[in-house]
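Colleague: Numbering (our numbering), first residue to last: 61 to 318.
Keep in mind the hints are simulated off the structure, nothing from the lab.
Be a bit skeptical, because a hint or two may be false.
Straight-line alpha carbon distances no greater than 20 Å define the calculated SDA-like cross-link-like pairs of lysine to any residue that follow [said to hold, decoys possible]:
#1 K223 / Y233
#2 K223 / T250
#3 K292 / P110
#4 K223 / D189
#5 K223 / E280
#6 K292 / A212
#7 K223 / E178
#8 K292 / E280
#9 K292 / A318
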Amino acid sequence: MPPSETPDDPDTPDASVVAADAANAADAADTGGTDVPPLALDVDGTLTTPAHTVDPRIFEVLPRWPAPVVIATGKAFPYPVALCHFVGIPERVVAENGGVVCVDGTVRFEGDPERVREAVAAFEERGGDLGWDGANTANRWRETEAAARQTADETLLREIAEKFDLDFLDTQYAYHLKSRGVSKGRALLTVADVLDVDAGSFVAVGDSENDAELFQVVGEAYALSNADEVAKGAADHVLEEGFADGTMAVLSDLLNRA
């Protein structure tokens, strides 16, 4: 039974226990004795704490997961790559809400970044401010889209998005302008093709509207308790737990079902 449907759930599983279960599943997988699914995991609000820091438990669990782990985020390309590096998992990344795919040495870009740049220029010409400091590390290494703080003028940004035929996303952490048709879901199909894995075999966990299209292409989708209504509406299960607590509960449940 999925954790979201268990009214009397125990406390969130201990990371060392889940990691040990994952290691055992990996050993069993080597002999064809288990069926643990590949994962597509959001970052902010999913692998993090309510204080927006990376939950240290993922450093124990994800390296031992016996199936592919894909980090699927709205963050700029270098951030999820660095996360994979420090966690100790292969660089299998969907970045910038699907604008960048990096998997097993292959990098692909989607969308029209020049149109996005023109839209940002038009936004700023009309008095808009993306809201970042001078370093603008949110966008400095962004390849395919643009992100604005949620203090930015949402009405104007939506108007600009419509004028330039772009999508506007509110991920709860930032506003994004991206090319139409670009999504985490479409990007995961590319990842699955490179890995020669059925996208429908993936389990996804996320918390924002940018995860909704990802949820549509995977076999099983979980929205955390801190998810927005769009993500909850697209998910197969809505968890009682939030942030990394909910993700850990899902991973423990998947191992118990394998």
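Colleague: Each hint needs a verdict: does it hold in this structure or not?
Modeller: Quick rundown of the hints versus the structure:
1. K223 / Y233: With a Cα-Cα distance of about 24 Å, the restraint between K223 and Y233 is violated, given a limit of 20 Å.
2. K223 / T250: Not OK: K223 and T250 at ~29 Å, beyond 20 Å, violated.
3. K292 / P110: Given that 20 Å is the threshold and the Cα spacing comes to 18 Å, the pair holds.
4. K223 / D189: The hint holds at about 18 Å.
5. K223 / E280: Judged against 20 Å, a Cα distance of about 36 Å means the pair is violated.
6. K292 / A212: The hint is violated at about 25 Å.
7. K223 / E178: holds (11 Å)
8. K292 / E280: holds (13 Å)
9. K292 / A318: Given pair K292, A318 is violated - Cα atoms ~25 Å apart, limit 20 Å.
Checked against the numbered hints given earlier, this structure breaks hints 1, 2, 5, 6 and 9; the rest are met.
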